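Chains as they are written, first to last, in the UniProt record's numbering: chain A, 1 to 319; chain B, 1 to 344.
A couple of the hints might just be wrong.
[To be verified] In silico SDA-like pairs for lysine to any residue, Cα to Cα no more than 20 Å straight-line:
no.: 1; chain 1: A; residue 1: K50; chain 2: B; residue 2: G151
no.: 2; chain 1: A; residue 1: K256; chain 2: B; residue 2: A90
no.: 3; chain 1: A; residue 1: K50; chain 2: A; residue 2: A239
In case anyone wonders, no lab produced these hints; they're calculated from the structure.
If you're wondering where the values come from, they're calculated on a predicted model, not measured in any experiment.
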Amino acid sequence: MLRKLSAVVATGLLATVLTACGGDDAGSGKIVLGFSQVGSESGWRAANTKSVKDSAATAGIDLKFSDAQQKQENQIASIRSYIQQKVDVIAFSPVVVTGWDAVLKEAQAAKIPVILTDRAVDSDASLYATFIGSDFVKEGEEVGKWALAEFTSATGPVNIVQLEGTVGSAPAIDRKKGFEATIASNPNMKVIASQSGDFTRAKGKEVMQALLQANPKIDLLFAHNDDMGLGAIEAIKAAGLKPGVDIKIATIDAVKDGMTALAANEINFIAECSPLLGDQLMELTKKAAAGEALEKRIVTKETTFTPKQAAEALSTRQY
Amino acid sequence: MRELTRHRLFWPAAILVVMLLANLIFTPTFFRIELKNGHLYGSLIDILLYGAPLILIALGMTMVIATGGIDLSVGATVAISGALACSIIAEQADQEAVGGVLTAVGLALGLSLVLGFWNGLLVARTGIQPIIATLILMVAGRGVAQLITDGQIITINSDPYELIGGGYLFGFPFAVLVVVVVFAATAVLIRRTALGLLLEAVGGNAEASRLVGIRARRLLVLAYVFCAFCAGIAGLMISSNIRAADGNNAGLWIELDAILAVVIGGTSLMGGRFSLAGTVLGALIIQTLSTTIYTTGVPPQITLVFKAVVVTVVCLIQSPAFRAKAFHRSRPSTPAPSEAEVPA
Numbered sequence: 001m002l003r004k005l006s007a008v009v010a011t012g013l014l015a016t017v018l019t020a021c022g023g024d025d026a027g028s029g030k031i032v033l034g035f036s037q038v039g040s041e042s043g044w045r046a047a048n049t050k051s052v053k054d055s056a057a058t059a060g061i062d063l064k065f066s067d068a069q070q071k072q073e074n075q076i077a078s079i080r081s082y083i084q085q086k087v088d089v090i091a092f093s094p095v096v097v098t099g100w101d102a103v104l105k106e107a108q109a110a111k112i113p114v115i116l117t118d119r120a121v122d123s124d125a126s127l128y129a130t131f132i133g134s135d136f137v138k139e140g141e142e143v144g145k146w147a148l149a150e151f152t153s154a155t156g157p158v159n160i161v162q163l164e165g166t167v168g169s170a171p172a173i174d175r176k177k178g179f180e181a182t183i184a185s186n187p188n189m190k191v192i193a194s195q196s197g198d199f200t201r202a203k204g205k206e207v208m209q210a211l212l213q214a215n216p217k218i219d220l221l222f223a224h225n226d227d228m229g230l231g232a233i234e235a236i237k238a239a240g241l242k243p244g245v246d247i248k249i250a251t252i253d254a255v256k257d258g259m260t261a262l263a264a265n266e267i268n269f270i271a272e273c274s275p276l277l278g279d280q281l282m283e284l285t286k287k288a289a290a291g292e293a294l295e296k297r298i299v300t301k302e303t304t305f306t307p308k309q310a311a312e313a314l315s316t317r318q319y
Numbered sequence: 001m002r003e004l005t006r007h008r009l010f011w012p013a014a015i016l017v018v019m020l021l022a023n024l025i026f027t028p029t030f031f032r033i034e035l036k037n038g039h040l041y042g043s044l045i046d047i048l049l050y051g052a053p054l055i056l057i058a059l060g061m062t063m064v065i066a067t068g069g070i071d072l073s074v075g076a077t078v079a080i081s082g083a084l085a086c087s088i089i090a091e092q093a094d095q096e097a098v099g100g101v102l103t104a105v106g107l108a109l110g111l112s113l114v115l116g117f118w119n120g121l122l123v124a125r126t127g128i129q130p131i132i133a134t135l136i137l138m139v140a141g142r143g144v145a146q147l148i149t150d151g152q153i154i155t156i157n158s159d160p161y162e163l164i165g166g167g168y169l170f171g172f173p174f175a176v177l178v179v180v181v182v183f184a185a186t187a188v189l190i191r192r193t194a195l196g197l198l199l200e201a202v203g204g205n206a207e208a209s210r211l212v213g214i215r216a217r218r219l220l221v222l223a224y225v226f227c228a229f230c231a232g233i234a235g236l237m238i239s240s241n242i243r244a245a246d247g248n249n250a251g252l253w254i255e256l257d258a259i260l261a262v263v264i265g266g267t268s269l270m271g272g273r274f275s276l277a278g279t280v281l282g283a284l285i286i287q288t289l290s291t292t293i294y295t296t297g298v299p300p301q302i303t304l305v306f307k308a309v310v311v312t313v314v315c316l317i318q319s320p321a322f323r324a325k326a327f328h329r330s331r332p333s334t335p336a337p338s339e340a341e342v343p344a
């Protein structure tokens, strides 16, 4: 028993040593990628996780995966443990924008390149290798542009309610900024209420139900993700209104459930935020492990959907 | 008047009324209840509907706290129960079949009972501190829920299932009717039999109650099983309300809200005397606070601070020592000892 145990320990030590030199010599074993996911708050996130895991398997990269369950402290803890395990590359989707300087410096001191996926941080750009992800401001602007076109003939005020994402998260801040800046060109467009629905269906429904009580006339709902929009649709139905007709709805993400609602005309417009960045991430991981310099900002390819386009795209939708 | 303010439920009730009235200032139609699509509709109905899962869990929590324990695992139980029910329904050929839905509900509640039994055994048989014993399931439970849902959000389309948390019976939200039934049954069982007295005895002094011949261990297990059962029903309600099981977010941090509800309702965390009606008031206060934040447009960035301030004020008003200091400064002779609530 003891002999077995010591053999296991020895193999473990050997593996650690090997992976530690992996960065210098690409031939000496698998690249180890430590990935810290935000959580699994939505269908989008689930697709994102699956994409990362699948791509790592195909690319032959040893993936160490952890789920931070929406807590920054969990995420910092798992990044620290990756540093201690001496992985080759660390990637993570930051839960919130602020407060990463210390742990990023620790990674830098350990000479481990850090790749930010899908969400940004406010730390200095020298502290991480690259940031791959969607342009949230642009997504907000896309919804804003659509809203301007949709209500271009409106003579009176257009009452807008906004379901924001998790307070302090990059997508919530940027989507709000992009959307509000775009619609500011039409003084009729007015955001009359804006509350956080934490990116979840349950909160989306609860908050929308309360907003419907407080605001008798709502023309447009902008939800920062599909799931909150789907929850809000339930609330709108319970209020005896027709989602997509009595209240126009625009969301961001384009997950399968959202696209289904879009094709059924319950949502009017979705700006895509693609979670399938696994392949691109693995490419970057290999380059970073080989010590290549990376571009600081890489934007994932994205589009927008109307109900008709959604109906066509739905059959081939992976997530 | 003094008799009234002395009643243990006076302050929670007063706080709830003040909160509701404050809403009236911001939303003039706050108290309006109308019929829409054949069911009741209005802010008050929403508070009851969305407060229903919290009330249920808080009722279960009251029992556990009365025994001097605490159950941190209710949020995980909520997630597991909803995940299991939805995944069973999603696999059925006909999601609308009542039989299938009943099977799913039965199995989910059955599993909840098992989880409660596990907690109860850990506390009563192995003597692990309740906060640690239930912490195990709190942490592991979300993982179990994720396993059941495979990390996905499972969306279902089943009218019979939707009835539980989002449907209406005779115009009333079904979830609220469930709460009324559970509350009534519990109240009868607790106050019309010796059960409540025995629970309070165990919570007040476990050793003394054992010496007078109360089977404390059985009662402990029973309390945790009941608490998990309530959480299981709440899990069904939460998932049914959005027609989807979300293993990661369903019931997240609801254990803390439930504990807060119990405390606001006037039950001591030390165990012993408890108040079911107080707990219901406490849960309603918390839900009203959430609704108030949404309808009055408190900016999301300061929501948590706002909540913290209100909860602090509520707790201060509840405290006899604070009231004595704040309101009776000029009359130091006001008797304080009579306020002391010595557990039975």
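Results for each hint:
{"no.": "1", "hint": "A/K50 - B/G151", "result": "9 Å, holds"}
{"no.": "2", "hint": "A/K256 - B/A90", "result": "16 Å, holds"}
{"no.": "3", "hint": "A/K50 - A/A239", "result": "36 Å, violated"}
Checked against the numbered hints given earlier, this structure breaks only hint 3.
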